[in-house]
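**Student:** Working from the sequences, and respecting the hints, build out all of it.
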Amino acid sequence: MTKKTLTGAESLIRCLEQKGVDIIFGYPGGAAIPIFDALVDSKIKLVLVRHEQGATHIADGYARATGKPGVVLVTSGPGATNTVTGIITANMDSVPMIVLCGQTITASLGKDAFQEADVFGITAPIVKHSYLVKDANDIPRIVEEAFHICNTGRPGPVLIDLPKDITGGPSTASTGNIEMDIPGYSFPTTGNKKDIQKLASFLKHSKRPLLLVGHGAEIAGASAEVKKLAETLNAPVVNTLIGKGTFPENHPLSLGMLGMHGTAYANKALARCDLIFSIGSRWDDRITPGKIERFCPDAIKLHIDIDPAEINKIVVPDASVVGDAKLVLQDLLPMIEKLNTKDWIKEVDQYKRKFPLTYKKTGGLKAQHVIDELYKLTKGDAIVTTDVGQHQMWAAQFFKTHKPRTWLSSGGAGTMGFGFPAAIGAQFGQPKETVIAIVGDGGFQMTAFELSTAAIHKLPLKIVVIDNKYLGMVRQWQQLFYDDRLSGVDLEGNPDFVKLAEAYGVKGFRIKRAADVRKVLAKALAYSDGPCLIHAEVIKEDNVFPMIPAGGTADEMIIDPPKIKLEKPKGST
Amino acid sequence: MTANLPLITRDTSHTISLLVANKPGVLLRISLIFSRRGFNIESLVVSPTLDGRFSRMTITAQGNPAILDQIIKQASKLVDVVHATEHRDQTAVQKELALIKVKITPENTSEVLQVVQHFKALTVDITAHSVIIQATGSTEKLDAMMEFLATYGIIELVRTGKIVMARGKEKT
Ligand SMILES: Cc1cc2nc3c(=O)[nH]c(=O)nc-3n(C[C@H](O)[C@H](O)[C@H](O)COP(=O)(O)OP(=O)(O)OC[C@H]3O[C@@H](n4cnc5c(N)ncnc54)[C@H](O)[C@@H]3O)c2cc1C
Ligand SMILES: Cc1ncc(C[n+]2csc(CCOP(=O)(O)OP(=O)(O)O)c2C)c(N)n1
Ligand SMILES: [Mg+2]
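First to last, the sequence lines map onto chains V and R. For the first sequence, my numbering assigns the number 1 to the initial residue and increments by one for each residue that follows. For the second sequence, my numbering assigns the number 1 to the initial residue and increments by one for each residue that follows.
Hints were generated in silico from the structure; no laboratory data involved. Heads up, the beta-carbon is just placed ideally off N, CA and C, and yes, glycines get one too. Do not take every clue at face value.
[Unchecked claim] Covered stretches of chain R, as calculated for chain V (at least 3 residues, CB under 8 angstroms):
1. 15-25
2. 113-122
[Unchecked claim] Sample of chain R residues lacking proximity to chain V, with all beta carbon distances greater than 10 angstroms (derived):
3. Arg53
4. Pro106
5. His129
6. Ala144
[Stated by the list, open to error] Think about it this way: if two alpha-carbon atoms lie no more than 16 angstroms apart in a straight line, the pair counts; the simulated EDC-like pairs of lysine to aspartate or glutamate are:
7. R:Lys73 / V:Asp307
8. V:Lys313 / R:Asp51
9. R:Lys171 / R:Asp51
10. R:Lys23 / V:Asp181
11. V:Lys458 / V:Glu433
12. R:Lys23 / V:Glu433
13. R:Lys23 / V:Asp135
14. V:Lys361 / V:Asp138
15. V:Lys519 / V:Glu373
**Tutor:** Take a look at the structure:
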């Protein structure tokens, strides 16, 4: 196409530009220098992170908030292995991501060369697909395929390992009119008509239907269709942790999150429904019992999923459709009619009134209070990212999500250290939105060094550190199931998070008393000169309820703190 | 409403045939799908196909049918797998080849050769003390033959592992 022969790296960057990439999160090293060099002349913005794990979570947050793949660029060996946690996090939650790794020269592969790691082998079980580039002329095709694969069907991370002689050497292949060569790759789109009719027929007779909206519905962009379905059937809706937002949780038909730490009314409805219809949820073990035959034994089960391997994996449904949730629902909607669910709606409304989510504003500062107030002050109009632990569950309960792609939480991998960098990515992707990271004192310290990244780019995000001076979620289990024998959960030695923020040039706020919550949060939300951190020193020993002990059924939900010692959960973590 | 449990039955033997793109790493990805679920691969044959872009893999493994169903679905999803199917005896021709080195003495040589003949096998090498027998057929036939030969003393054994081909119009 061009006169000048490109290097492999230049060809790579040109292809990325053509794929619409405008930002890359990276960390350099010897094997990746040719690629960093090619970026100098590119309009792609390069964001230098402080740790490769940070880059992957930032790219992940960017992808979840925008729907576009996040792009990571790292060097070989330790640079590449530092991305492993971020890759599995994205893979477990079906997030599109491209990870570009520098690699030793092809002649040195397998010879224990300096900073050589078999990153292709190390990541093989946790990527959607991966490449080791052996010929610079393959670069345009591989980039084309990688972008296609990572964000079609069930999305996921794709890794490209790039030896330095390949990126540094010439690449004469055209970067235009690229043909892919992936005869083994296909993905479902519309569902089979007969299967959809079967779904519709089951939906005609239900008296107590329940819609279960998962992350797949968000990926499909099926918000409008889910709403139409719920309203047409007049069926209550529950969502998974990472399905929050596709169906607005402030809608009268919403019962919020179900499962282990879901709302009591969602789980009561689950225990009572005569039909449960999963739209893009994979029946994860946080919502289904260990003995699967005890899961809604008398209810009809319906399932839409784009991944054929999810059908029958956990639940064997009465009817299922393999396809994209949005397209399948579009075909389903004309086949369904209003159901008479008056009594059922009355029943679930009673659950809502009888078992609301509550917390006390007395007896010290509560995490729930901080989160509840954040929700009220923002009116839910914010992108919320969370870390993993008790604060995550309280955030899921008290920060109702109104819109898709505004709730970013590591569900499947449950990766501590995710929340704050994910917020950075979300803010890069959605510069106009209010972005709030709700993180624990433990998890925040796993990736807190990205404060530099947030500060340098003056990202106006808010970091709310829920500091209970414990690995609270683990402490809760030890208290409830292990006779309160605390082991390895005391976070003695925590820094003063306000000072930590200030050391990075980030504005810090402190909340110590319940009476100050509203005032301080309002100030922090109004602060716009770059990032700010709110250090909320909450009471040390609070537990998340409701709770279904791991492996249990919705009937076994504990709504209030138990007075007796609980049996150790069996069969599941 | 119907039974919720994926059919949990006892372990059985399975033959899976995969058509895969001829690309590095494809064997790694497939074996990871088995090993992650604690499945032990008993035999694995990789061979060229008429079309040089693809290879054929034939895998036999023991395990729970419900897990095997997952394995086939997960394998089918791999970018480099064009298709994956399980083959049963009724629907496919299944064969393997074995080379068996058996101890012989002047006294029992003719007896051993009779066994060879009975199983329509061949002797491909013979010395004063041993004979190499080449046998083809179903796994069951080879197992039966081995049982016979074991009485004379098997010195070495190499089996190719099973290969299959779907009958008639069906694609393998
Ligand atoms: C401490 C902790 C506690 C937790 N507690 C809970 C809890 O109480 N309740 C809860 O729900 N979760 C909880 N989780 C999260 C849980 O582990 C799972 O991550 C979550 O339940 C999975 O949600 P999902 O099935 O909606 O999403 P995913 O795991 O992302 O699955 C999405 C599904 O949608 C499919 N899909 C993708 N794209 C499409 C498309 N276009 N059309 C159709 N289908 C598509 C995929 O194939 C997949 O099957 C917890 C996690 C942690 C860390
Ligand atoms: C990387 C990683 N290590 C360990 C865990 C196990 N784990 C789950 S929650 C939790 C405690 C989190 O503590 P903190 O961040 O302070 O949040 P809290 O529960 O106190 O709100 C731990 C250790 C994990 N999920 N991720
Ligand atoms: Mg904590």
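**Student:** If you draw a straight line from the CA of Lys23 (chain R) to the CA of Asp135 (chain V), is it 16 angstroms or shorter?
**Tutor:** Given pair Lys23 (chain R), Asp135 (chain V) holds - Cα atoms ~14 angstroms apart, limit 16 angstroms.
**Student:** Given the hint that Lys519 (chain V) pairs with Glu373 (chain V), does the C-alpha gap stay at or below 16 angstroms?
**Tutor:** holds, 10 angstroms
**Student:** Would the non-interface assignment of His129 (chain R) survive a Cβ cutoff of 10 angstroms against chain V?
**Tutor:** holds, 42 angstroms
**Student:** Can we confirm that no CB of chain V comes within 10 angstroms of the CB of Arg53 (chain R)?
**Tutor:** violated, 8 angstroms
**Student:** Is it correct that the beta-carbon of Ala144 (chain R) has no partner in chain V closer than or equal to 10 angstroms?
**Tutor:** holds, 37 angstroms
**Student:** If you draw a straight line from the CA of Lys73 (chain R) to the CA of Asp307 (chain V), is it 16 angstroms or shorter?
**Tutor:** holds, 9 angstroms
**Student:** Does Lys171 (chain R) pair with Asp51 (chain R) here, judged by a C-alpha cut-off of 16 angstroms?
**Tutor:** Measuring from Cα to Cα gives roughly 15 angstroms; hence the hint holds.
**Student:** Closer than 8 angstroms, Cβ to Cβ, for at least three residues: run that test on the region 113-122 of chain R against chain V and report holds or violated.
**Tutor:** Not satisfied, violated; 0 residues make the cut.
**Student:** Check the non-interface label on Pro106 (chain R): least C-beta distance to chain V beyond 10 angstroms or not.
**Tutor:** About 52 angstroms separates Pro106 (chain R) from the closest Cβ of chain V, which puts it past 10 angstroms; holds.
**Student:** Straight-line Cα separation of Lys313 (chain V) and Asp51 (chain R) no greater than 16 angstroms?
**Tutor:** Between Lys313 (chain V) and Asp51 (chain R) the Cα gap is close to 34 angstroms, so the pair fails against 16 angstroms, i.e. violated.
**Student:** Given the hinted pair Lys458 (chain V) and Glu433 (chain V), is their Cα-Cα distance within 16 angstroms?
**Tutor:** holds, 14 angstroms
**Student:** Please verify whether Lys361 (chain V) and Asp138 (chain V) have alpha carbons no more than 16 angstroms apart.
**Tutor:** violated, 61 angstroms
Hints 2, 3, 8, 12, 14, counting from the list given before, are not met by this structure.
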